[in-house]
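Fit chain Y to the given chain P structure using the hints.
The listed protein sequences correspond, in order, to chains P and Y. Per the numbering used here, the very first residue in the first sequence carries number 1; after that it's consecutive. Per the numbering used here, the very first residue in the second sequence carries number 1; after that it's consecutive.
Honestly, I wouldn't trust all of these hints.
Stated by the list, open to error - Only pairs whose alpha carbons sit at most 30 Å apart, straight line, appear in this in silico DSS-like list of lysine-lysine:
| hint | chain 1 | residue 1 | chain 2 | residue 2 |
| --- | --- | --- | --- | --- |
| 1 | Y | K281 | Y | K393 |
| 2 | P | K40 | Y | K333 |
| 3 | P | K40 | Y | K393 |
| 4 | Y | K479 | Y | K217 |
| 5 | P | K40 | Y | K78 |
Claimed, not checked - To give an idea of the interface, some chain P residues facing chain Y are shown, with a C-beta separation under 10 Å as derived from the structure:
| hint | residue |
| --- | --- |
| 6 | K40 |
| 7 | L41 |
| 8 | P44 |
| 9 | G128 |
| 10 | A129 |
| 11 | S130 |
| 12 | G211 |
| 13 | T230 |
| 14 | M231 |
| 15 | V232 |
| 16 | S233 |
| 17 | A235 |
| 18 | P236 |
Just so you know, these hints were derived from the structure itself, not from any lab. The model shown is predicted, which means the values in this text are computed figures rather than measured ones. Even for Gly, the Cβ is constructed at its ideal location relative to N, Cα and C.
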Amino acid sequence: MIRSRNLLIGGTLCLIVVTAALLSFVWTPYDISQMDIPNKLQKPSAAHWFGTDHFGRDIFSMIMIGARTSLAVAIVAVGIGMGLGVPLGLWAAANKGGWVDEIIMRGNDLIFAFPSLVIAILITAIMGASALNAIIAIGIFNIPVFARLTRSGALSLWEREFILAARVAGKSKPRISAEHILPNVANLLIVQGTIQFSLGILAEAGLSYVGLGAQPPTPSWGRMLADAQTMVSFAPHLALVPGLAIVTAVLGLNLLGDGLRDLLDPKIRVART
Amino acid sequence: MRFLTGRLAMASLVALAAGLGAAQAAQDDITVAMQLEPPHLDPTSAAAQAIDSVVYINIFEGLTRFMDDGSIVPALAKSWDISDDGLTYTFNLNQGVTFHDGTTFDAEDVKFSLDRARAEDSTNAQKALFAAIADVTVVDPMTVRLTLSEPNGNMLFNLAWGDAVIVAPESIDDIKTNPVGTGPYKFANWVQGDKIELMANDSYWGSAPAIKSATFKFISDPTAAFGAVMAEDVDVFTGYPAPENVPQFEADPRFQVLNVATEGETILSTNNKMPPLDNVKVRKAIAHAIDRQAIIDGAMFGMGTPIGTHFAPHHPDYVDLTGNSGYDPELSKKLLAEAGFPDGFTTTLKLPPPSYARRGGEIIAAQLRAVGIKTETSNLEWAQWLEQVFRGKDYGLTIVSHTEPFDIGIYARPDYYFQYDNPAFQELYAELNKTTDAAKRSEMLAELQTMISLDYVNGYLFQLATPTIAKAGVQGLWKNAPTAAVDLPAMSWAN
Numbered sequence: 001m002i003r004s005r006n007l008l009i010g011g012t013l014c015l016i017v018v019t020a021a022l023l024s025f026v027w028t029p030y031d032i033s034q035m036d037i038p039n040k041l042q043k044p045s046a047a048h049w050f051g052t053d054h055f056g057r058d059i060f061s062m063i064m065i066g067a068r069t070s071l072a073v074a075i076v077a078v079g080i081g082m083g084l085g086v087p088l089g090l091w092a093a094a095n096k097g098g099w100v101d102e103i104i105m106r107g108n109d110l111i112f113a114f115p116s117l118v119i120a121i122l123i124t125a126i127m128g129a130s131a132l133n134a135i136i137a138i139g140i141f142n143i144p145v146f147a148r149l150t151r152s153g154a155l156s157l158w159e160r161e162f163i164l165a166a167r168v169a170g171k172s173k174p175r176i177s178a179e180h181i182l183p184n185v186a187n188l189l190i191v192q193g194t195i196q197f198s199l200g201i202l203a204e205a206g207l208s209y210v211g212l213g214a215q216p217p218t219p220s221w222g223r224m225l226a227d228a229q230t231m232v233s234f235a236p237h238l239a240l241v242p243g244l245a246i247v248t249a250v251l252g253l254n255l256l257g258d259g260l261r262d263l264l265d266p267k268i269r270v271a272r273t
Numbered sequence: 001m002r003f004l005t006g007r008l009a010m011a012s013l014v015a016l017a018a019g020l021g022a023a024q025a026a027q028d029d030i031t032v033a034m035q036l037e038p039p040h041l042d043p044t045s046a047a048a049q050a051i052d053s054v055v056y057i058n059i060f061e062g063l064t065r066f067m068d069d070g071s072i073v074p075a076l077a078k079s080w081d082i083s084d085d086g087l088t089y090t091f092n093l094n095q096g097v098t099f100h101d102g103t104t105f106d107a108e109d110v111k112f113s114l115d116r117a118r119a120e121d122s123t124n125a126q127k128a129l130f131a132a133i134a135d136v137t138v139v140d141p142m143t144v145r146l147t148l149s150e151p152n153g154n155m156l157f158n159l160a161w162g163d164a165v166i167v168a169p170e171s172i173d174d175i176k177t178n179p180v181g182t183g184p185y186k187f188a189n190w191v192q193g194d195k196i197e198l199m200a201n202d203s204y205w206g207s208a209p210a211i212k213s214a215t216f217k218f219i220s221d222p223t224a225a226f227g228a229v230m231a232e233d234v235d236v237f238t239g240y241p242a243p244e245n246v247p248q249f250e251a252d253p254r255f256q257v258l259n260v261a262t263e264g265e266t267i268l269s270t271n272n273k274m275p276p277l278d279n280v281k282v283r284k285a286i287a288h289a290i291d292r293q294a295i296i297d298g299a300m301f302g303m304g305t306p307i308g309t310h311f312a313p314h315h316p317d318y319v320d321l322t323g324n325s326g327y328d329p330e331l332s333k334k335l336l337a338e339a340g341f342p343d344g345f346t347t348t349l350k351l352p353p354p355s356y357a358r359r360g361g362e363i364i365a366a367q368l369r370a371v372g373i374k375t376e377t378s379n380l381e382w383a384q385w386l387e388q389v390f391r392g393k394d395y396g397l398t399i400v401s402h403t404e405p406f407d408i409g410i411y412a413r414p415d416y417y418f419q420y421d422n423p424a425f426q427e428l429y430a431e432l433n434k435t436t437d438a439a440k441r442s443e444m445l446a447e448l449q450t451m452i453s454l455d456y457v458n459g460y461l462f463q464l465a466t467p468t469i470a471k472a473g474v475q476g477l478w479k480n481a482p483t484a485a486v487d488l489p490a491m492s493w494a495n
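The following block holds chain P by itself, in its conformation from the complex (with noise of 0.2 Å):
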């Protein structure tokens, strides 16, 4: 049935991931707010699959909470992106060459300007290091994506006869956006979603890494990294592990968008067949 192999791959790795994450809610393997420091530093073993950690945590069942913690922000923070910067392209393709499209445009422009993740370092360390505000430096860095896609993509959409005619028949430019033009961008979305969603995890692992992303005892896959990087040299399933993790879920998700995009994309539809 599924004809694209991306699609397949991409989505298996996805669904391990979103698994796990959506298991670590009512059972993990061990309970990891429970130090076991006698027994830290195990190699990956029957009772330990992913080994421990430094602190004699199990690091499977770390991997799987961790998991819900990069979805967690990943999922938010392209909400943000998502839910302010649609409209916000929407608006500005309305009203093409007005000043509400020069101003949504050149603000866009503006925050494309800056390096991402060093303002998201900015941001953190400002309002202080928490998971909550690497959401809100991560989100905001997506609205303008979205805005400029979305804004593209209406833009061809505003010359098409279906919707001259529906502005004909008088509805309103607000409407007509809502009604006519989202669910012909939608497609776009959908796979710029799932390539945001990717690098949202990745900026959330970098951030942690780094400390200002989720804090402790929440745990991260980027902290893990960060936590491993004295002991790999003895003990380097520490960073092996999450360092997998968070390839898994970067490539499942962009598998997942080249997949998603064969499979809407008219035009490669036709071409394949």
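Below, chain Y without anything else, positioned relative to chain P:
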């Protein structure tokens, strides 16, 4: 092309020969790495340990000095007489001592240094050391007399601190960037953010050191520190920041590892004025919720000695009071209920950068959570920590190592950041300072230690031990650290 390879071969032969030649001559240079770079080089106007590590004993000397076993021996003062009432100290100074700029050292310099340190507008970080001095008199160029306002059993100890070194009025203006002292090494060069270089002082008054030139490298990142030692880029790393790597160095024949006992009482500092931490029952509950051994094993990888009070275990007057705060979560919960917090409470835990604090903080947070005390953890940089916690007193709990030697006196200062205000302690401490009889002092010190232990002023965790990693051939390294110092004149290379 052939020409080029010929040249290259020759060049490498020359290099090889040069290398062999260097290997045969006894090595007389050394590279010492440490984590923190000093903010400047004036030990008499800042508390930063990194300053003392570079300049103490090497560039600047005091009237007396510390040895690595904690004993006090003569330095610039050859000998001294103490009057029977303990109020007059007469120091006989060493002859023929000059500062690095050629100016002569005499009693005037001693008077200048001590008067500067104890002056009203002095920026000395340890002014209390000089509080007992009423007057400094120059008897003759080689004799100086200190008159005390009251007897002080610690005077010779106080004068050995890095904060009490002798400086010269001629060079005082540039001391922060160009320190001029009487020591066996001269300041040569400072590349900010990287290294400080010292050269042997040929006109040193004492015996010439074996090491002729020394470089202090500053490597703050633990991973980079590991790399630098492993690649043999540095000869010695003092205060090695990642105790987890120590077993690897121990197993490697290229290196020697010294677990240096420091004066650092590592404590869970508690804001004694902030409710509910102002309640002794709550503080006692915290003390019993803490499993010291878990912290030593988990944060320090086994390095450190448990303490039950604010006193160094290697000090002869230490009393083992760890029993007052044994690990007992059930008792802790009971105490919390008695204090009116059956469901616990929430407080802040502000952690400075060292791994004993960051990792120890995670462990303590988990241990406190187990008895119902929730902590809001925040990781601070040193500057923020000093601002918010140390000066601002805006904190509930924090973890820090108090590395000054014999610093139980901070509990007699109600304005100190943990804000412990107990008149009985203050009186007894004042009494102690006036007492010179050794037996009586021991007795009083035991009482002081017990007092703060039973008031549960802070959570007493462990005595900090910091590893020194050095190449196997380095000799003369300090095995204890009674004060922050890298004693270069004591060092040499084997064969």
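The hints, checked one at a time:
1. With a CA separation close to 21 Å, the supplied pair K281 (chain Y) and K393 (chain Y) stays within the 30 Å bound.
2. Restraint check: the Cα-Cα separation between K40 (chain P) and K333 (chain Y) comes to about 27 Å, which is no more than 30 Å; the hinted pair holds.
3. Proximity of K40 (chain P) to K393 (chain Y) is assessed by CA-CA distance (about 35 Å); at most 30 Å being required, the pair is judged violated.
4. For the suggested pair K479 (chain Y) and K217 (chain Y), the alpha carbons sit about 21 Å apart, so the restraint of at most 30 Å is met.
5. The hinted pair formed by K40 (chain P) and K78 (chain Y) fails the criterion: a straight-line CA distance of about 53 Å is larger than 30 Å.
6. A cut of 10 Å between beta carbons decides the hint on K40 (chain P): the least distance to chain Y is about 7 Å, and the hint holds.
7. With its C-beta approaching chain Y no nearer than about 9 Å, L41 (chain P) sits inside the 10 Å limit, and its interface hint holds.
8. For the restraint placing P44 (chain P) at the interface with chain Y, the shortest Cβ-Cβ distance is roughly 19 Å, beyond the 10 Å limit, so the hint is violated.
9. With a least beta-carbon distance of about 7 Å to chain Y, the hint placing G128 (chain P) at the interface is held under the 10 Å criterion.
10. At its closest, the beta carbon of A129 (chain P) sits 7 Å from a beta carbon of chain Y; the interface hint therefore holds under the 10 Å criterion.
11. Restraint check, S130 (chain P) versus chain Y: the minimum CB separation of about 9 Å is within 10 Å; hint holds.
12. For G211 (chain P), the interface hint holds, since its Cβ comes within 10 Å of a Cβ in chain Y; the closest pair sits about 6 Å apart.
13. Evaluation of the T230 (chain P) hint against chain Y yields a held restraint, the C-beta minimum of about 4 Å falling below 10 Å.
14. For M231 (chain P), the interface hint holds, the least distance from its beta-carbon to any beta-carbon of chain Y being 5 Å, beneath 10 Å.
15. Annotation: interface hint on V232 (chain P) holds; nearest CB of chain Y at approximately 8 Å, less than 10 Å.
16. Evaluation of the S233 (chain P) hint against chain Y yields a held restraint, the C-beta minimum of about 6 Å falling below 10 Å.
17. Among the interface hints, the one on A235 (chain P) holds; its C-beta lies about 9 Å from the nearest C-beta in chain Y, closer than the 10 Å criterion.
18. Proximity of P236 (chain P) to chain Y is violated relative to the hint, the smallest CB-CB distance being about 13 Å (cut-off 10 Å).
Hint check: violations occur at hints 3, 5, 8 and 18; the rest are consistent with the structure.
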